[in-house]
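Model the placement of chain B on the given structure of chain A, informed by the hints.
Number of protein chains: 2
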Amino acid sequence: MIIDCHGHYTTTPPQVGEYREQQKAALAKDPDHIGEKGNLNISDDEIRDSIETNQLRLQRERGTDLTIFSPRASWMGHHIGNQHTSRFWSEQQNDLIHRVCTLFPDNFAPVAQLPQSPGVSPEKSIPELLRCVEEMGFIGCNLNPDTTGGYWKDASLADKTFYPLYEKLVELEVPAMIHVSAACNDCFHTTGSHYLGADTTAFQQLIMSDVFKDFPDLKIIIPHGGGAAPYHWGRFRGLMQDRGLAPLEQSALKNIYFDTCVYHQRGIDLLLDIIPADNILFASEMIGAVRGIDPESGHYYDDTKRYIDANTKLTDAERIKIFEGNAFKVFGRLKQKVYP
Amino acid sequence: MIIDCHGHYTTTPPQVGEYREQQKAALAKDPDHIGEKGNLNISDDEIRDSIETNQLRLQRERGTDLTIFSPRASWMGHHIGNQHTSRFWSEQQNDLIHRVCTLFPDNFAPVAQLPQSPGVSPEKSIPELLRCVEEMGFIGCNLNPDTTGGYWKDASLADKTFYPLYEKLVELEVPAMIHVSAACNDCFHTTGSHYLGADTTAFQQLIMSDVFKDFPDLKIIIPHGGGAAPYHWGRFRGLMQDRGLAPLEQSALKNIYFDTCVYHQRGIDLLLDIIPADNILFASEMIGAVRGIDPESGHYYDDTKRYIDANTKLTDAERIKIFEGNAFKVFGRLKQKVYP
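Residue numbers (our numbering), protein chains in the order written: chain A, 10 to 349; chain B, 10 to 349.
Pulled out of the complex, with its shape left as it was, chain A reads as follows (with noise of 0.2 Å):
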């Protein structure tokens, strides 16, 4: 079985980008506007379609044949509006996410999408999490570590203030993707610098940090390949040991995984060579960040199965644990949804 951890719903009908402008306009009038969660009024033909010529048919050309799913991650926009504007339109998202792994059950599993407000408690995450997992059968979340959208206003991953949130996630057998949203700073490339530069920050943040000693359940997945962790892991192992603080291999790696959302064959193989297979989990992200084919290689950019394919190092149960084994460690309550 081959389980792509990693995939956005960036296919939606338009009914869902008209909800959120419709949101924005609102706001436009008035900054604390609350609104009401209101109807997208899509029909489970417009879901289907969606899906069906998208996401779906790529899993069958590409050979997958399960994908980890939740709201597009650059329309999480958690730096719009407020904590009303989030809770709604988080609540819509993750419906919808709902209604897709409903319809297809075999080929998705539900990820959620937080309510976070820069300013706003992590706390006040809980009762959508909660909503999720325990009445939609929800597996994951997508926390994101910067609500302010390249701003980075609010707190570290390492405050307290993230604790209640992580208490129940690992209550609940639930891990988090750390992933941002769209850059509202002209600064930022979104799916570029800023995802990146995210996923390195938020490496950077836990491993300094007294998350996994406080809490040694938590699972974390820090996304596309880990930003630019792999790559430098000679600084962060050195960085670690000039303050006295244990090996990466002894402390943050029995909590956090990496996905391989690297697009080209030798990142994948610097990706396999650093981190233990353990710690690693088979995603694409399709249909996402990067859409072309390379000319180099002739097949999509994002089409990662084929550079694990290709990668020659990896022991054929290596290759099993990043494609399946450890999906199932990370993800608590995948196996009852697969084998219910």
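Pulled a few chain B residues facing chain A out of the computed Cβ check, cut under 10 Å:
no., residue
1, D168
2, R246
3, D311
Ranges between beta-carbon positions, derived for each pair:
no., chain 1, residue 1, chain 2, residue 2, range
4, B, P173, A, A34, 36 to 44 Å
5, A, D318, B, E258, 24 to 32 Å
6, A, E132, B, E30, 38 to 46 Å
7, B, P173, A, E305, 32 to 40 Å
8, B, D168, A, G72, 39 to 47 Å
With a straight-line Cα cutoff of 20 Å, these simulated SDA-like cross-link-like pairs (lysine to any residue) come out:
no., chain 1, residue 1, chain 2, residue 2
9, B, K162, A, T157
10, B, K322, A, Q274
11, A, K263, A, G341
12, B, K169, A, D195
13, B, K162, A, A164
14, B, K162, A, N194
Calculated from the structure, these hints are not laboratory results. Glycine is no exception: its CB is placed at the ideal position from the N, C-alpha and C atoms.
Using the frame of chain A, we list chain B on its own:
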């Protein structure tokens, strides 16, 4: 000849820190404090001691010949105080670099800190650049892409406010190394996530900008192995392609160079494998971010010459470019300095 293109004077005598503390104390009383340049009262012997026992000793031990040397990057602190603060501080720091390079002309070549400040046009740094290059023989400068220390509140390097400075750099045949300073934002670790994130961000800003179309002779060095760029080369290639922009090899790599401050063998191997040898300059940034010895290799993490020596794919001609030839190409004023 082995030229290390990236070294900072991190071992200054204590008067330097005292000067800075006095600036901060005056600013605490009055944020608009102007003050004056003043005097550091450091003797030549004190400078000699601070260099001979540190950078010069390591040059000899590691077998490198010349370090392109600039003020301590993490101490640039452009976010501190106002434009007068940065001006006097930069002048003092650059004067010190000049003294080091005058005392040890065979071992060090000078690169300037610019007196940038948040909200102040980069153009205002030109007088200090001219002073350093024309009066003191400097051959390069460090350019901070985020004077706000991790809040990214100033303009992107793509912004036209940088153009007068770029114009002057081209005219002077002086390259800029992109280098942030200490983070004053708790979300970031200065020499880890902030440095690496800024490298990636600067790369991203430049490759999608008009800067190199408008300044075809501008030369930019992205340090720390280019941040996350080489590891995610496929992502960046794909993002360029999706936007209809020219491939990196035919566009940005005519102007952008990477240094080799990557502190483990496999990271360096990736860099050398991905980036053409014409675009790589040897560097260690010693004595800098990581000061320990890697227990896996038995050598200093930042002894990057060993990694380049140990790489099995480089040809001799490529190795000479990386160690020497490219430095002369990028630093247009270096040849005159070395062979006056």
